[in-house]
Amino acid sequence: MTATARQPTVLVQWLRFAVVGATNTLVSWCAYALLTSLGLHYLLASTVAFGLGVVNSYVLNRRWTFRSRAQRTPELLRFAVVQMVGLGVDLILLYAIVERLGIPHLIAQALVFPAASALTFGLSRRWAFRARPPG
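Sequential numbering of the sequence shown, starting at 1, is according to our numbering.
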């Protein structure tokens, strides 16, 4: 099997990342809507919902998107850092859109997802799940 057959191209990885992201969005969005409807503050609800999406994301991206065979502990730590960066961007943008622009929080969350997704794909591909040569 060639290296190309084992490791998906960037386009294939991006498409798979998008599919995983869609499932993460569904999980996160439903959790966010439920938590805010129960009275949880929108920023805390976003944090909890983001965490649920992270679990789904790690499992699917490790196995399917990036086909990683790296040691799990260091990889999981890198992935956690990437997700924290993504969460930080999510919360900063969400706060700015809701508080500064006055856009309702559910719409604002939908606007924030693409920026956080693009950032986390790049960091995941280049760092968290980076294919390392055997050695």
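Read the hints as simulated data drawn from the structure, not as lab findings. Incorrect hints may have been included.
The following label-pair restraints were derived from C-beta to C-beta distances [what the hints assert, rightly or not]:
id	residue 1	residue 2	range
1	Pro-104	Leu-26	17 to 23 Å
2	Glu-99	Leu-11	22 to 28 Å
3	Arg-72	Leu-101	26 to 32 Å
4	Ile-107	Val-19	20 to 26 Å
5	Gln-7	Val-85	31 to 37 Å
6	Gly-51	Leu-111	16 to 22 Å
7	Leu-44	Arg-67	31 to 37 Å
8	Glu-99	Arg-67	36 to 42 Å
9	Leu-101	Leu-38	24 to 30 Å
On a predicted model such as this, the values are computed, not experimentally measured, just so you know. For every residue, glycine included, the Cβ atom is placed at its ideal position computed from N, Cα and C.
message: Given the hint of 16 to 22 Å, is the C-beta distance from Gly-51 to Leu-111 inside that range or not?
response: 20 Å, holds
Arg-72 paired with Leu-101, Cβ distance criterion 26 to 32 Å: This hint is violated: roughly 41 Å between Cβ atoms.
query: Lying within 36 to 42 Å: is that true of the beta-carbon distance Glu-99 to Arg-67?
result: Distance hint for Glu-99, Arg-67 holds at roughly 41 Å.
- prompt: Does the Cβ distance between Leu-44 and Arg-67 fall inside 31 to 37 Å?
  reply: 35 Å, holds
Supplied distance hint 31 to 37 Å, evaluated on CB atoms of Gln-7 and Val-85: 24 Å, violated
Leu-38 and Leu-101 - C-beta distance against the hinted 24 to 30 Å: 25 Å, holds
field: Hint check for Leu-11 and Glu-99 - Cβ pair distance inside 22 to 28 Å
entry: 37 Å, violated
C-beta pair Pro-104, Leu-26: status relative to the range 17 to 23 Å that was hinted: For Pro-104 and Leu-26 the Cβ distance comes to about 20 Å; the hint holds.
- prompt: Does the Cβ distance between Ile-107 and Val-19 fall inside 20 to 26 Å?
  reply: Holds - the Cβ-Cβ distance for Ile-107 and Val-19, about 24 Å, lies within 20 to 26 Å.
Hints 2, 3, 5 from the earlier list are contradicted by this structure; the remaining hints agree with it.
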